[in-house]
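The numbers in UniProt numbering rise by one with no breaks, and the one at position 133 of the sequence shown is 133.
A portion of the hints provided could be inaccurate.
Okay, the calculated beta carbon distance ranges per label pair [claimed, not checked]:
1) Asp9 / Lys58: 33 to 41 angstroms
2) Glu116 / Val89: 18 to 26 angstroms
3) Arg76 / Thr35: 53 to 61 angstroms
4) Glu12 / Lys58: 25 to 33 angstroms
5) Lys131 / Leu23: 44 to 52 angstroms
6) Arg145 / Asp97: 35 to 43 angstroms
7) Glu60 / Asp9: 36 to 44 angstroms
8) Asp64 / Tyr147: 38 to 46 angstroms
9) Lys73 / Ile98: 21 to 29 angstroms
10) Arg86 / Arg8: 49 to 57 angstroms
11) Lys58 / Ile98: 27 to 35 angstroms
12) Thr35 / Thr101: 32 to 40 angstroms
13) Ser38 / Asp127: 57 to 65 angstroms
14) Asn95 / Thr27: 28 to 36 angstroms
Calculated lysine to any residue pairs in the SDA-like style (CA-CA distance at most 25 angstroms, straight line) [what the hints assert, rightly or not]:
15) Lys17 / Leu59
16) Lys70 / Lys17
17) Lys105 / Ala134
18) Lys115 / Val143
In short, the hints are calculated from the structure, not lab data.
Predicted, not measured: the structure shown is a model, and the values here were computed from it.
C-beta atoms are modelled at their ideal positions from N, C-alpha and C, and glycine is treated no differently.
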Amino acid sequence: MFTAAIPRDLCEACMCKGFGSSLIGPTMQWYTNLTNNSISSFAQLTDIFVEHFASNRKLEKHSDDLYRIKQKKGERLRDYVGRFNREKVTIPSCNIDIAITAFRKGLLSDSNFYKELTKYPCRTMEDVLAKAWALIKWEEDEVNRSYARTEVNGRNSRKDDRAELY
1 MFTAAIPRDL
11 CEACMCKGFG
21 SSLIGPTMQW
31 YTNLTNNSIS
41 SFAQLTDIFV
51 EHFASNRKLE
61 KHSDDLYRIK
71 QKKGERLRDY
81 VGRFNREKVT
91 IPSCNIDIAI
101 TAFRKGLLSD
111 SNFYKELTKY
121 PCRTMEDVLA
131 KAWALIKWEE
141 DEVNRSYART
151 EVNGRNSRKD
161 DRAELY
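Could you build the full structure based on these sequences and the hints that come with them?
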């Protein structure tokens, strides 16, 4: 590969031409549709590009965005905690006080866990999650025990049915 010095008077033109090689999809289409000689400098090209594609930029998330996460009716606490945490970790410099309040306010307002966190507020997110995981384990244990009882009752009734047949 050969290297060659670019004369100063052609440097701007080379940067404008080279800019297109970094583009794909709609941005490349926009670039190729620019009219000839409509750009006079690389700075102008970048300004027009940013102005045109600024809406495609990902917006930085803030701690207040956590208030939008709500537990849905019938949603298990485990699923709500998972959704909340997935969103929380995407927020740089997340304010813990806001996260704690948003988590509590996102819970179903008639749930016992919401009432407990309102009566006995937590100071850290770790405390909130520790209480949540304790409740999740209890809820899942209740479901498993209920399922086991149903299964045992189902077997007992089948045995009784068979006994009546003979």
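Structure-based check of each hint:
1. Asp9 / Lys58: 33 to 41 angstroms: holds (38 angstroms)
2. Glu116 / Val89: 18 to 26 angstroms: holds (25 angstroms)
3. Arg76 / Thr35: 53 to 61 angstroms: holds (57 angstroms)
4. Glu12 / Lys58: 25 to 33 angstroms: This hint holds: roughly 30 angstroms between Cβ atoms.
5. Lys131 / Leu23: 44 to 52 angstroms: Since Lys131 and Leu23 have Cβ atoms about 50 angstroms apart, the given range 44 to 52 angstroms holds.
6. Arg145 / Asp97: 35 to 43 angstroms: holds (37 angstroms)
7. Glu60 / Asp9: 36 to 44 angstroms: holds (40 angstroms)
8. Asp64 / Tyr147: 38 to 46 angstroms: holds (40 angstroms)
9. Lys73 / Ile98: 21 to 29 angstroms: holds (25 angstroms)
10. Arg86 / Arg8: 49 to 57 angstroms: holds (51 angstroms)
11. Lys58 / Ile98: 27 to 35 angstroms: Given range 27 to 35 angstroms: violated, Cβ gap about 21 angstroms.
12. Thr35 / Thr101: 32 to 40 angstroms: violated (53 angstroms)
13. Ser38 / Asp127: 57 to 65 angstroms: holds (60 angstroms)
14. Asn95 / Thr27: 28 to 36 angstroms: holds (35 angstroms)
15. Lys17 / Leu59: Distance ~29 angstroms between Lys17 and Leu59 Cα, so the pair is violated.
16. Lys70 / Lys17: Judged against 25 angstroms, a Cα distance of about 49 angstroms means the pair is violated.
17. Lys105 / Ala134: Holds, because 19 angstroms separates the two Cα atoms, which is no more than 25 angstroms.
18. Lys115 / Val143: holds (22 angstroms)
Hints 11, 12, 15, 16, counting from the list given before, are not met by this structure.
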